[in-house]
Amino acid sequence: MSILVLAEQEHGTFKKTAAELLAKATELAGSLGTTVDAVVLGTGADAASLGAYGAARAFVVDGDFSSYDGDTAVAALAAAVDAASPSVVLAPASYLAKDAIPRLAARLGTGQGSECTDLRVDGGAVVGRRPVYAGKVLCDVTVSGTPAIFTVRANSFGQPEAGSGAAEVVQVSFDAPAPRLTVVKRETPEQDAVDLTEADRIVSGGRSLKSAENFDAIIRPLAKALGATAGASRAAVDAGYAPHEEQVGQTGKTVNPSLYIACGISGAIQHLAGMRTSKVIVAINTDPEAPIFEHATYGVVADLFDVCPQLTTKLGALDS
Amino acid sequence: MKIAVCAKVAPDTTTPRIQPAADGSGIDTSGIKFAVSPYDVFAATLGVELVEKKVAASVHLFTVGDEGDVATLRSGALALGCEDLTLIGDDAAKAADALGASKALAAAIGKDDGITLVLTGKQAIDGDSVQVPGMLAEFLGWPLVSMVSSFETDGTTFTAVRNVGGGVQETVQGNLPAVITCDKGLVQPRYAKLPQIMKAKKKAVHTPSLGDLGLSADDVAPKASHTAYGEPPPRPPGRVLDGGDLSSTLDQLVTALRDEAKVL
Ligand SMILES: Cc1cc2nc3c(=O)[nH]c(=O)nc-3n(C[C@H](O)[C@H](O)[C@H](O)COP(=O)(O)OP(=O)(O)OC[C@H]3O[C@@H](n4cnc5c(N)ncnc54)[C@H](O)[C@@H]3O)c2cc1C
Chain L
1 MSILVLAEQE HGTFKKTAAE LLAKATELAG SLGTTVDAVV LGTGADAASL
51 GAYGAARAFV VDGDFSSYDG DTAVAALAAA VDAASPSVVL APASYLAKDA
101 IPRLAARLGT GQGSECTDLR VDGGAVVGRR PVYAGKVLCD VTVSGTPAIF
151 TVRANSFGQP EAGSGAAEVV QVSFDAPAPR LTVVKRETPE QDAVDLTEAD
201 RIVSGGRSLK SAENFDAIIR PLAKALGATA GASRAAVDAG YAPHEEQVGQ
251 TGKTVNPSLY IACGISGAIQ HLAGMRTSKV IVAINTDPEA PIFEHATYGV
301 VADLFDVCPQ LTTKLGALDS
Chain E
1 MKIAVCAKVA PDTTTPRIQP AADGSGIDTS GIKFAVSPYD VFAATLGVEL
51 VEKKVAASVH LFTVGDEGDV ATLRSGALAL GCEDLTLIGD DAAKAADALG
101 ASKALAAAIG KDDGITLVLT GKQAIDGDSV QVPGMLAEFL GWPLVSMVSS
151 FETDGTTFTA VRNVGGGVQE TVQGNLPAVI TCDKGLVQPR YAKLPQIMKA
201 KKKAVHTPSL GDLGLSADDV APKASHTAYG EPPPRPPGRV LDGGDLSSTL
251 DQLVTALRDE AKVL
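Chains as they are written, first to last, in the numbering used here: chain L, 1 to 320; chain E, 1 to 264.
Calculated from the structure, these hints are not laboratory results. A portion of the hints provided could be inaccurate.
DSSO-like, lysine-lysine: derived pairs with alpha carbons at most 30 Å apart [stated by the list, open to error]:
#1 L:185 - E:54
#2 E:111 - E:202
#3 L:314 - E:262
#4 E:262 - L:16
#5 L:210 - L:224
#6 E:262 - L:224
#7 E:203 - E:53
#8 E:202 - E:54
#9 L:314 - L:185
#10 L:185 - E:53
Here chain L is said to cover these stretches of chain E; the calculated rule only asks that three of the stretch's residues, wherever they fall, bring their Cβ under 8 Å from a Cβ of chain L [stated by the list, open to error]:
#11 6-17
#12 89-96
#13 177-190
#14 236-244
Some chain L residues flagged as far from chain E (calculated, every beta-carbon gap over 10 Å) [as the list claims (entries may be wrong)]:
#15 33
#16 44
#17 48
#18 62
#19 123
#20 211
#21 214
#22 217
#23 298
Just so we're clear, the structure is a prediction, and the values are computed from it rather than from any experiment. Yeah, the Cβ is synthetic: ideal placement off N, Cα and C, and Gly gets one too.
Take the sequences, apply the hints, and build the full model.
What follows is the structure, encoded as structure tokens:
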């Protein structure tokens, strides 16, 4: 009755959420008196290395996971749950988790606690703490079915130090279902940045950028200098300065970075809904009365067209 | 082909504050304005557009909720051009979690075998759980395409563009039936005008009991429970940096981010 953690990989490299969740699971398992296992979809990544973050066993499901297919992912995860028989399953709140994990829960007839930002053990069970109503309220979530499934927002716990253990690798086979969907085209953005929902640093621009050219010339270089992902307000997206996928807020992405830099963003309630759990918020705005300053850790009252290029240069100088 | 749209009522996005109820069992709903959850408006709009394009015969709304939600669903979704509303509102259904609600929705949608396309929002903006679409797809046994920003169908096959994260967009093709969740960019959401709202007052609202759907209260008993609602911890007070000139101010910022907040 272990805690089973979904360790997501991309092109043979584990995502940061894998170590983050395994370390948290190890802490929870200590209180529960159980052990931690990992499930890895597809070969190619060094599954044994997950032992460095506390995984006793790594269940590697052998199959073709080169492009995402929900039917395949659900069947593979169900096979891993069958092999590991965990009492708790933890998964990152990624696209896969949004698409496949609820299907897994339904298939197993169990409940799910979504998008947790904290996990603890209480009364012998795992309890999730999570934002609801766009983070305006928090609540606890518990699951009575088995396994109890929780998805966790990236960056909720920070990156652990790697230990020295190696996980025992267990191969799991499953019957891949006949495909019902065919991916006919895949478009990747020119800039290969971490997904907004997983990003640890985000630089966002608003309506004040005035054009897509300015957005590209002002926001993206600053994001690049920080190793951050670019985001945008709805006003900037609606005006065509940035694509839909970059919108942060109630009708965009919900993000949870360590650092969120809002450039020329007023701080409307629907924007805050998407980024209020950011650990550090920097607001750059010419209007000292802008509501964003009420939520900012650090504020700079100045023109973003002056601030961003200078800040980009200063941050570039830090690295070298 | 008929379309089912699953929609729910949630606090309007402009609600500045939501307070936990005094006993922590949920939220204090007094003074909150409710609306159809915005992504569900995308779903209803797409459904109505497919009827206008004569690809679909009709759009049918489904919700698990309260009698009190009907007025909001009439003006916010039915009025856009949907045919009727099915409200599953027994006490047991209202107390259900996403798993139970999905089971009930699947049973209600499954009663009409003309329905071959289910449209939902990519998430509801109250629970933000993103569970019902996947669970519903599983109970129906239909494929799921999540976070779709472009959708075309001829009534038999479909092509959808989904946002799989990291800015990556995949175009997928498949056959109906299917469950599709609607993301931003899919359609220009519509809001009903007064004459449409007046007309929607006459539209049928069906209220099947769980028993009518072949389910018992046990079948939808929650497996996940949400408790201890509380205010988020207050943010530590921030400060406006001012070093005299911009360069010094930004030096202060870099130092603060590196040494104080330790995020660089
Ligand atoms: C149903 C619904 C859903 C919504 N969902 C979202 C959502 O998901 N995400 C979202 O962001 N919004 C959302 N909104 C819109 C939201 O209400 C705001 O309109 C939007 O966030 C404003 O974007 P903005 O801050 O870029 O623009 P504005 O509010 O116009 O603010 C621009 C800011 O830039 C500052 N500024 C101007 N020039 C400069 C300069 N040169 N240097 C520095 N600062 C400058 C100004 O002082 C101002 O504070 C939603 C609204 C509704 C009704």
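We went through each hint and held it up to the structure:
1. Under the criterion of a C-alpha separation no larger than 30 Å, the hint pairing residue 185 of chain L with residue 54 of chain E is consistent with the structure, at around 27 Å.
2. A threshold of 30 Å between alpha carbons decides the hint, and for residue 111 of chain E with residue 202 of chain E the separation of about 23 Å falls inside it, so the pair holds.
3. Only pairs whose Cα atoms come within 30 Å are accepted, and residue 314 of chain L paired with residue 262 of chain E is accepted, the gap being roughly 17 Å.
4. Under the criterion of a C-alpha separation no larger than 30 Å, the hint pairing residue 262 of chain E with residue 16 of chain L is consistent with the structure, at around 19 Å.
5. For the hint pairing residue 210 of chain L with residue 224 of chain L, the CA-to-CA distance comes to about 20 Å; that is within 30 Å, so the pair holds.
6. Under the criterion of a C-alpha separation no larger than 30 Å, the hint pairing residue 262 of chain E with residue 224 of chain L is consistent with the structure, at around 19 Å.
7. Distance hint between residue 203 of chain E and residue 53 of chain E is fulfilled; the C-alpha atoms sit about 22 Å from each other, no more than 30 Å.
8. Of the pairs offered as hints, the one joining residue 202 of chain E and residue 54 of chain E holds, with about 23 Å between alpha carbons and a cut-off of 30 Å not exceeded.
9. This hinted pair does not check out: residue 314 of chain L and residue 185 of chain L have alpha carbons roughly 40 Å apart, beyond 30 Å.
10. With a C-alpha separation of about 25 Å, the suggested pair residue 185 of chain L and residue 53 of chain E falls inside the 30 Å cut-off, and the hint holds.
11. With 6 residues carrying a beta carbon less than 8 Å from a beta carbon of chain L, the stretch 6-17 of chain E meets the three-residue requirement, and the given coverage holds.
12. Check result for the stretch 89-96 of chain E against chain L: violated, 0 residues qualifying (beta carbon to beta carbon below 8 Å, three or more required).
13. A stretch counts as covered by a chain when three or more of its residues have a beta carbon under 8 Å from one of that chain; for the stretch 177-190 of chain E and chain L the count is 3, and the coverage holds.
14. Three residues within the 8 Å Cβ limit are the bar, and the stretch 236-244 of chain E against chain L gives 6, so the coverage statement holds.
15. For residue 33 of chain L, the requirement that its beta carbon stay farther than 10 Å from each beta carbon of chain E is met, with the minimum near 24 Å.
16. Look at residue 44 of chain L: its CB is around 18 Å from the nearest CB on chain E, clear of 10 Å, so calling it non-interface holds up.
17. Every CB of chain E is more than 10 Å from the CB of residue 48 of chain L (nearest about 27 Å), matching its label as outside the interface.
18. Every C-beta of chain E lies more than 10 Å from that of residue 62 of chain L, the closest at about 22 Å, which supports listing it as non-interface.
19. The claim that residue 123 of chain L is not at the interface with chain E holds, since no C-beta of that chain comes within 10 Å of its own (minimum 12 Å).
20. Even its closest Cβ contact with chain E, about 20 Å, leaves residue 211 of chain L beyond 10 Å, as expected for a residue assigned away from the interface.
21. Every Cβ of chain E is farther than 10 Å from the Cβ of residue 214 of chain L; the closest lies at roughly 19 Å, confirming the non-interface assignment.
22. Every CB of chain E lies more than 10 Å from the CB of residue 217 of chain L, the least distance being 18 Å, so the non-interface label holds.
23. Non-interface call for residue 298 of chain L relative to chain E: violated, since the shortest CB-CB distance, roughly 6 Å, does not exceed 10 Å.
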